[in-house]
Structure formats: C-alpha cells, structure tokens
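Order-wise, the sequence lines are chains A and B.
Once you know that position 383 of the first sequence is 384 in my numbering, the rest is easy, because the numbers rise by one and skip nothing.
Once you know that position 85 of the second sequence is 86 in my numbering, the rest is easy, because the numbers rise by one and skip nothing.
It is worth saying that the hints were derived from the structure and are not from the lab.
Some hints could be false.
Where chains are identical, the list cannot tell them apart; a pair therefore holds if satisfied intra-copy or between any two copies.
Below, simulated BS3-like cross-link-like pairs (lysine-lysine); rule was C-alpha separation at most 25 angstroms, straight line [claimed, not checked]:
1. K166 - K220
2. K224 - K95
3. K264 - K95
4. K95 - K220
5. K141 - K95
6. K138 - K308
7. K270 - K220
8. K264 - K277
9. K160 - K308
10. K138 - K160
11. K270 - K317
12. K312 - K224
13. K308 - K89
14. K268 - K224
15. K95 - K277
16. K312 - K270
2 protein chains.
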Amino acid sequence: MVPHLITALTGPINELEQRILDSTPAIERWFRLEWMEHTPPFYCSVDIRNAGFKLAPVDTNLFPGGWNNLTQPMLPLAVQSAMAAIEKICPEAKNLLLIPENHSRNTFYLANVAQLQRIFHMAGLNVRVGSVDPEIKETKTIQLPNGDELTLEPVVRSKRRLGLKNFDPCTILLNNDLSAGAPGILEDLHEQYLLPPLHAGWSVRRKSRHFQSYEEVSKRFGKLLGIDPWLIHPMFAKCGEVDFAEGAGMDCLQTNVDALLTKVRRKYKEYGINEKPFVVVKADNGTYGMGIMTVHDAAELTSLNRKSRNKMAVVKDGQPVHDVIIQEGVLTAERMHDAMAEPVVYMMDRYVVGGFYRVHADRGPDENLNAPGSRFVPLAFAESTHLPQHGMKPGASAPNRFYMYGVIGRLALVAASYELEATDPEAEVY
Amino acid sequence: MVPHLITALTGPINELEQRILDSTPAIERWFRLEWMEHTPPFYCSVDIRNAGFKLAPVDTNLFPGGWNNLTQPMLPLAVQSAMAAIEKICPEAKNLLLIPENHSRNTFYLANVAQLQRIFHMAGLNVRVGSVDPEIKETKTIQLPNGDELTLEPVVRSKRRLGLKNFDPCTILLNNDLSAGAPGILEDLHEQYLLPPLHAGWSVRRKSRHFQSYEEVSKRFGKLLGIDPWLIHPMFAKCGEVDFAEGAGMDCLQTNVDALLTKVRRKYKEYGINEKPFVVVKADNGTYGMGIMTVHDAAELTSLNRKSRNKMAVVKDGQPVHDVIIQEGVLTAERMHDAMAEPVVYMMDRYVVGGFYRVHADRGPDENLNAPGSRFVPLAFAESTHLPQHGMKPGASAPNRFYMYGVIGRLALVAASYELEATDPEAEVY
Chain A
2 MVPHLITALT
12 GPINELEQRI
22 LDSTPAIERW
32 FRLEWMEHTP
42 PFYCSVDIRN
52 AGFKLAPVDT
62 NLFPGGWNNL
72 TQPMLPLAVQ
82 SAMAAIEKIC
92 PEAKNLLLIP
102 ENHSRNTFYL
112 ANVAQLQRIF
122 HMAGLNVRVG
132 SVDPEIKETK
142 TIQLPNGDEL
152 TLEPVVRSKR
162 RLGLKNFDPC
172 TILLNNDLSA
182 GAPGILEDLH
192 EQYLLPPLHA
202 GWSVRRKSRH
212 FQSYEEVSKR
222 FGKLLGIDPW
232 LIHPMFAKCG
242 EVDFAEGAGM
252 DCLQTNVDAL
262 LTKVRRKYKE
272 YGINEKPFVV
282 VKADNGTYGM
292 GIMTVHDAAE
302 LTSLNRKSRN
312 KMAVVKDGQP
322 VHDVIIQEGV
332 LTAERMHDAM
342 AEPVVYMMDR
352 YVVGGFYRVH
362 ADRGPDENLN
372 APGSRFVPLA
382 FAESTHLPQH
392 GMKPGASAPN
402 RFYMYGVIGR
412 LALVAASYEL
422 EATDPEAEVY
Chain B
2 MVPHLITALT
12 GPINELEQRI
22 LDSTPAIERW
32 FRLEWMEHTP
42 PFYCSVDIRN
52 AGFKLAPVDT
62 NLFPGGWNNL
72 TQPMLPLAVQ
82 SAMAAIEKIC
92 PEAKNLLLIP
102 ENHSRNTFYL
112 ANVAQLQRIF
122 HMAGLNVRVG
132 SVDPEIKETK
142 TIQLPNGDEL
152 TLEPVVRSKR
162 RLGLKNFDPC
172 TILLNNDLSA
182 GAPGILEDLH
192 EQYLLPPLHA
202 GWSVRRKSRH
212 FQSYEEVSKR
222 FGKLLGIDPW
232 LIHPMFAKCG
242 EVDFAEGAGM
252 DCLQTNVDAL
262 LTKVRRKYKE
272 YGINEKPFVV
282 VKADNGTYGM
292 GIMTVHDAAE
302 LTSLNRKSRN
312 KMAVVKDGQP
322 VHDVIIQEGV
332 LTAERMHDAM
342 AEPVVYMMDR
352 YVVGGFYRVH
362 ADRGPDENLN
372 APGSRFVPLA
382 FAESTHLPQH
392 GMKPGASAPN
402 RFYMYGVIGR
412 LALVAASYEL
422 EATDPEAEVY
C-alpha cells in the first residue's frame with residue numbers, strides 16, 4: 002500500500018518527479034562523482050515531507066533505528082549494502098560489536114537492534130550486542146514480541162580496546178546517538194574502527210550545521226536539474242543562548258521566526274500556494290522527536306505556557322537546550338486513510354535500502370509525526386526505490402515516487418557527509 | 002519452487018552446507034580479502050552441479066545471457082550491483098553502449114539484452130544497444146514476446162572511438178563472447194572502457210585455464226573450511242592437437258579420459274559412492290553448450306560415429322576445436338518433478354544477484370543441460386542468496402542452499418579473476 006497524495010496531480014511535485022525521472026542518468030552520475038570526493042556516513046535515515054508543492058528532508062539521523070520496519074524483500078539489499086560498507090571501511094573485519102541505546106526495555110527499539118544484528122551477520126560478521134549502560138552488569142537475553150531474541154552483554158574496556166567477555170571486535174558499530182555525550186568508555190579506541198565517529202553523536206551535531214550543508218547541496222543539485230532549490234530545501238535560521246525555562250533569548254527567536262515566516266510567505270505567493278505558512282522550532286541538538294514546536298506566528302512565543310516551555314527546555318537524556326533551529330515548516334500532504342504519513346528513507350553506505358511511512362492519525366499536517374501515539378504505524382515502502390518506471394504519468398507510479406524519495410534522501414546523505422567532514426575534530430587542516 | 006534434491010539428507014553436501022553456514026563470517030571475510038587483491042570480472046554466471054555428494058561449478062561464463070530469467074525481486078539487487086560496478090570502474094560514465102551477440106533473431110536472447118539495458122538504465126546510465134554484426138546496417142526496433150521492445154543500432158567506428166550515430170559512450174559493455182575472435186572494430190579503443198576486456202572472449206579463453214585457477218582457489222578454500230577440495234572441485238585434464246574430424250590426437254584423449262576415470266573411481270571408493278563415474282569432454286574454447294560429450298569409458302572414443310565427431314569438431318561461430326578439456330563429470334541430483342535441474346548463479350561485480358535453475362526433462366543426470374529442448378525451463382531461485390537461515394536443518398532450507406550456491410559461484414568468480422589476470426596481454430610483468 003502506498004499513501005494517497007492529496008495534492009492535485011498537476012502540482013509542482015509532479016513536475017519535480019518528472020524532472021528527476023528524466024534526469025536519472027545525470028543524477029546518478031552526480032552522486033557517483035560526489036562519492037569519489039566524499040565518504041558517505043556508515044548508515045543514515047532521513048525524514049522527508051512531501052507537501053505536494055515541495056519536498057524536503059526535515060531530519061537526518063546518523064544512528065538510525067527502525068530497521069525492523071523495512072520489508073523482508075529489502076533485507077537482501079541491506080545485506081549487500083552492509084557488505085559494501087564493511088568491505089570499504091574494514092575488509093579484514095571478523096567481529097562486530099553493536100552498541101545500542103541504553104534504554105534497553107523498549108522492545109520496538111530492541112527489534113531494530115536484532116534486525117541490525119541479523120543484517121551484519123548475513124553480511125558475514127560475528128555480531129554481538131554490547132551495552133554501554135552502566136546498569137547492565139551481566140548478560141541478559143530478551144525475548145521480543147516478534148519472536149526474535151536479543152542477547153545484551155556488558156562491555157569490557159581494556160586500556161586500548163573495547164569488547165565483551167571473550168569477544169574482541171575490530172569494529173564497533175554505534176546505534177546509540179550519544180545525546181548525553183560520548184561516554185569515556187568510547188574514547189581513545191585508536192586500534193578499533195568506531196562507526197559512525199563520535200562527532201556524529203548529538204552531543205556534537207547541530208541540526209543547523211547539517212542544514213547549512215544541505216542548503217549548499219540543494220543549490221548545486223537545483224542547478225543540475227534546473228529547478229528552484231527551494232522546492233527541495235527547507236529554509237532555516239538559528240538562535241543560540243536560548244533558555245526556554247527562564248525565557249531568555251526569546252527576542253532572537255521571535256525576530257527569526259518572524260523573518261522566516263515572511264520569507265516563506267513570499268515563496269508561497271511566488272508559487273500561488275494558498276496554505277498558511279508555519280515554522281518549526283527545534284532544539285538544535287534534539288532527537289527522538291523531542292524539543293519540537295510548530296509556530297504559525299511569532300506572537301505565539303510570547304504566550305508560551307509553562308508546559309510548552311518545559312517541553313522545549315530539555316531533550317533526550319536530559320540535555321538542556323541552548324541552541325535552536327527555526328526551520329520552514331513543510332506540510333505533509335500524504336494520507337493513509339485519514340492519518341498523516343511521512344516517508345522515512347533508509348540508507349547504508351551510499352545505497353538506498355528502502356523506507357517506510359510514519360503514519361500518525363492523531364497529528365495534523367503541520368505537526369511532528371515522530372511522537373508517541375497509539376496509532377503510530379510504520380508502513381514499509383511497497384516497492385523498491387531502485388526501480389523507477391520511465392514513461393509513467395507523473396504522480397501515478399509508486400516506484401517513481403520512491404525513487405524520488407531515494408534521491409532526496411541521498412541529497413541529505415551527501416549533506417551529512419559534508420557536515421561530518423567539516424566537524425571532524427581530527428581533520429587535517431590544509 | 003525449489004527443485005527436490007534426490008540424495009539422502011545425510012549426504013556429504015549437507016555436511017558441506019552446514020560447514021559453509023557455520024563459517025559464514027570466515028567465508029565472507031575471505032572473499033573481502035580476495036577482492037582487496039584482485040578485481041572481479043564485471044559480470045559472470047556460473048553453472049553449478051549438485052550431485053548430493055559433491056557440488057562444483059562446471060562452466061563459468063564471462064558474458065552471461067539469461068538475465069531475463071531472474072525474478073523481479075532480484076532486479077533491485079542487480080541495479081545496486083551495477084551501480085557498485087560502474088562506480089568502481091568508471092564513475093564519470095554517462096553513456097553505456099551495450100554490444101549483444103550477432104544472432105539477433107533469438108528473442109529469448111534479446112529479452113536478456115533488454116533486461117541488461119533496463120538494469121543499467123536504472124543504475125543511472127543512458128544505455129543504447131549497438132550491434133557489431135556487419136549485416137546490421139540500420140536501426141531496427143524489435144518487439145519481444147514478453148512485451149519489451151529493443152532498439153538495435155549499427156555501431157559507428159571513428160579512429161579512436163566506437164559509438165552510435167549521435168551517441169558517444171565512455172563505456173562499452175560486451176554481451177558478446179567473441180567466439181570468432183575480437184572484430185577489428187573493437188580493437189585499439191584506448192579512450193573508452195571496454196568491459197569485459199577482449200581477452201575474456203572465447204577466442205582467447207580456455208576452460209582448462211579457468212579450472213586451473215579454480216583448482217588453486219578450491220584448495221585454499223578447502224583449507225579454510227577444513228574440507229577435501231574435491232567436494233567442490235571437478236578434476237580435469239586437457240589435450241591439445243585434437244582433430245575430431247580427422248581422428249587425430251585421439252590417443253591423448255583416450256589416455257587422459259582413462260586416467261581421469263581412474264581418479265574419479267578412486268574418489269568414489271573413498272567416499273563410498275555407488276555411482277558410475279563419467280567424464281565430460283568439452284571443447285576448451287567452447288560455449289553455448291556446444292562441443293560437449295559425456296564419456297563413461299575411454300573405449301567409447303574409438304567408436305565415435307561421424308555425427309558425434311562432427312558435433313565435437315566445430316563450436317560456436319564455426320570455430321574449429323583443437324584443444325579439449327576432460328572434466329570429471331558431476332551428476333545432477335536435483336529434480337523438478339522428473340526433469341533434471343541445475344542451478345546457475347548470476348553475479349555482477351563481487352555480488353551474487355540471484356540465479357535460476359535450468360530444467361530439462363529430456364536429459365539424463367550425466368548430460369549437459371545447456372541444450373535445445375522443448376522442455377527447457379528457467380526456474381528463478383525462489384529466494385535471495387543473501388539470507389542464510391542459521392539453525393535450520395541442513396538440506397531443509399532453500400535460502401541456505403542458495404547461499405551455498407552463491408559461495409560456490411563466487412569461488413568460480415575469484416578463479417575467473419585470477420584467470421583474467423594471468424591471461425591479460427597488457428599485464429605488466431614484474
């Protein structure tokens with residue numbers, strides 16, 4: 002099943018889809034040349050919003066969960082991509098240590114860990130799961146609702162290496178976004194491959210840094226396709242020194258929200274779009290859908306109640322929010338029956354593996370769907386992102402839509418690659 | 002559907018399957034390390050024979066046809082592998098010229114060409130099909146029974162480049178095995194990538210050279226797994242200066258057939274196998290299932306009738322046979338109902354894409370199945386070769402059997418890589 006796109010079939014997105022399909026060879030070549038110069042993140046998922054009149058990534062995750070939401074036919078692609086990734090980075094690898102998030106009781110998340118273990122095992126590695134949670138002191142095996150079984154072991158740190166009891170990995174794969182900062186136990190591991198690198202963690206990453214790279218990528222890609230980059234890029238601004246709890250820095254926030262809304266309004270006018278512009282204020286280091294607020298008018302910020310302010314003040318792992326990004330809001334125009342749907346594209350190395358829709362019945366088209374909700378349903382992409390059907394009517398072909406999502410996802414992947422290069426603390430300066 | 006393996010579930014192949022499954026990480030690492038040192042052929046298909054007590058490649062094709070026999074779910078894997086291959090060899094490629102076999106009226110073969118065109122188009126290249134057949138003088142579009150359409154154009158040669166009218170490719174992909182020798186039109190193309198290289202063609206290749214490399218590979222792999230390499234290797238000998246039409250060189254042939262049958266008999270005794278040993282005499286430069294003869298006793302060679310001798314004397318494109326390989330015959334113990342089935346594994350770059358069974362009701366278990374026959378049916382592998390199911394009973398899991406076939410196919414791929422290195426006329430000699 003594929004969600005229904007509510008916009009008319011003559012909208013700008015269909016023009017974009019046609020343009021992307023017509024330019025497939027040029028696009029793929031562009032990506033190939035990018036990957037000659039830049040190293041893709043090890044793995045990545047990208048949340049995309051399709052407003053019908055524009056299509057943009059709104060969040061790029063370098064420690065993607067949710068691999069269990071992909072369909073069974075996508076598994077071979079994931080295995081093949083994992084082979085390619087391992088081969089490039091550490092061909093001599095035998096043992097892989099997978100480090101999950103610390104909140105080890107969430108079985109949905111653990112099913113994702115079990116899926117990653119399966120993928121890398123099929124790709125030919127001995128994979129064991131080691132927790133860096135100080136509370137995990139002994140091995141425990143967890144039965145998952147889907148029938149999978151996951152064995153979680155406490156990590157063992159020696160002077161120069163990290164491993165498990167009787168398990169010395171040459172490669173460590175993090176599926177833990179390090180929101181609270183890299184624990185000391187992960188530092189100074191110069192003999193082992195640590196993937197992704199520590200500076201990909203949310204204690205270092207900033208959404209605004211990512212979207213700065215994405216803006217550059219979208220401009221170059223827009224030139225390649227002869228399109229206004231705004232069609233694939235969410236405009237943004239940022240503010241530092243914000244303190245929601247104390248109400249500090251709200252002037253900066255209001256000014257920027259107002260300026261961005263004005264810019265969006267101008268764009269809507271240019272394209273004849275009769276929607277109400279909005280922006281999304283996000284913690285610049287936020288993840289897990291935390292620290293996110295939709296704003297239609299800067300005046301709303303003056304009357305924020307205590308609850309809203311508290312929600313914005315602290316994100317995952319209790320990290321305080323000081324920096325915020327103000328992002329142009331991109332409506333979701335995809336519906337599964339009456340529920341909002343937003344696509345999430347999964348990539349490993351430079352390859353799109355597949356994706357799914359995040360479907361949330363209790364949210365509006367201008368709201369964050371990455372939120373708890375009894376009717377949050379992952380809906381796997383029905384077909385491969387690899388099989389565009391040339392000659393189909395724009396907007397009518399699911400494979401074509403998925404291919405387009407795969408292209409946008411990969412643009413965000415290129416941006417993440419630029420971002421990681423720019424923020425690498427060990428980068429040589431020329 | 003998966004053909005039924007008639008041998009008992011306790012046979013050596015099940016031990017081999019178990020050994021291969023248990024060693025997945027070691028095997029995949031072994032391949033990764035091989036590909037650090039060696040370049041895989043661009044694409045490849047390998048005919049495999051599963052006798053129940055041994056499992057071996059019997060033919061390795063470097064210009065594989067039959068891509069149209071793979072299932073639809075394997076297409077994304079083929080596309081991803083094609084992306085990887087192109088990216089590694091010629092990332093800046095835009096236009097790909099595909100050169101098919103000259104016998105352009107065979108619609109089964111042309112459906113394969115159309116499938117290759119589709120795969121490389123989806124991988125992001127402009128692909129056009131150019132014939133080197135001097136009889137193709139103008140563009141013609143052919144409707145295929147499966148609904149596909151193929152446009153065949155005459156190639157245009159300039160001093161340094163090969164292309165089509167208004168189409169200048171940077172890469173030329175041969176799906177023509179050059180049995181009659183590389184046509185002059187393909188020589189001295191130093192500005193363009195020619196894949197596979199000319200010396201992969203059957204005017205240069207010799208099966209015995211390939212199996213010499215395969216023997217070396219199977220010994221090293223046997224050591225890795227702790228198995229007798231004979232379990233995965235067909236023994237062989239060769240004779241030059243054979244002339245079937247004139248009856249010359251038959252002494253050499255008889256002596257070698259006899260000696261090889263003795264070796265096979267010894268092995269059968271060692272393993273307690275109650276089958277009648279046989280060998281297969283093949284033209285060393287043969288392809289398309291031509292120039293192949295099953296022999297159970299060297300005495301049969303003295304009484305070859307005119308028809309049999311003529312069949313052996315000349316192979317594809319009228320090439321005379323002088324060199325023959327005498328290969329240990331490997332029974333096919335797989336049956337689809339009453340028909341013989343033999344697996345064919347398809348690879349692109351270093352990746353197994355999928356495979357199918359060649360099913361032939363009119364042939365015996367000791368005969369070549371790559372032969373015309375009204376009941377030749379390709380049966381696509383039902384599941385991915387990427388998804389071994391650990392913990393399943395040996396012999397009971399189709400994915401495990403396919404994984405094992407993928408491993409054996411890749412061993413032949415490694416051998417082909419060694420072979421092409423050894424026979425490269427432009428190789429630097431150290």
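How the hints compare with the structure:
1. K166 - K220: neither (50 angstroms within a copy, 34 angstroms between copies)
2. K224 - K95: between (44 angstroms within a copy, 18 angstroms between copies)
3. K264 - K95: neither (52 angstroms within a copy, 38 angstroms between copies)
4. K95 - K220: between (41 angstroms within a copy, 22 angstroms between copies)
5. K141 - K95: within (23 angstroms within a copy, 53 angstroms between copies)
6. K138 - K308: neither (36 angstroms within a copy, 78 angstroms between copies)
7. K270 - K220: Close inside one copy (21 angstroms), not across copies (72 angstroms); limit 25 angstroms.
8. K264 - K277: For K264 and K277, only the intra-copy Cα distance (13 angstroms) is at most 25 angstroms; the inter-copy one is 83 angstroms.
9. K160 - K308: Answer is neither; intra-copy 45 angstroms and inter-copy 76 angstroms both fail.
10. K138 - K160: within (19 angstroms within a copy, 72 angstroms between copies)
11. K270 - K317: So K270 and K317 fail the 25 angstroms test inside a copy (38 angstroms) and across (68 angstroms) alike.
12. K312 - K224: neither (40 angstroms within a copy, 61 angstroms between copies)
13. K308 - K89: Cα proximity of K308 and K89: none, with 48 angstroms in one copy and 54 angstroms across.
14. K268 - K224: within (18 angstroms within a copy, 67 angstroms between copies)
15. K95 - K277: neither (54 angstroms within a copy, 42 angstroms between copies)
16. K312 - K270: Neither. Shortest intra-copy (33 angstroms) and inter-copy (77 angstroms) distances fail the 25 angstroms Cα cut-off.
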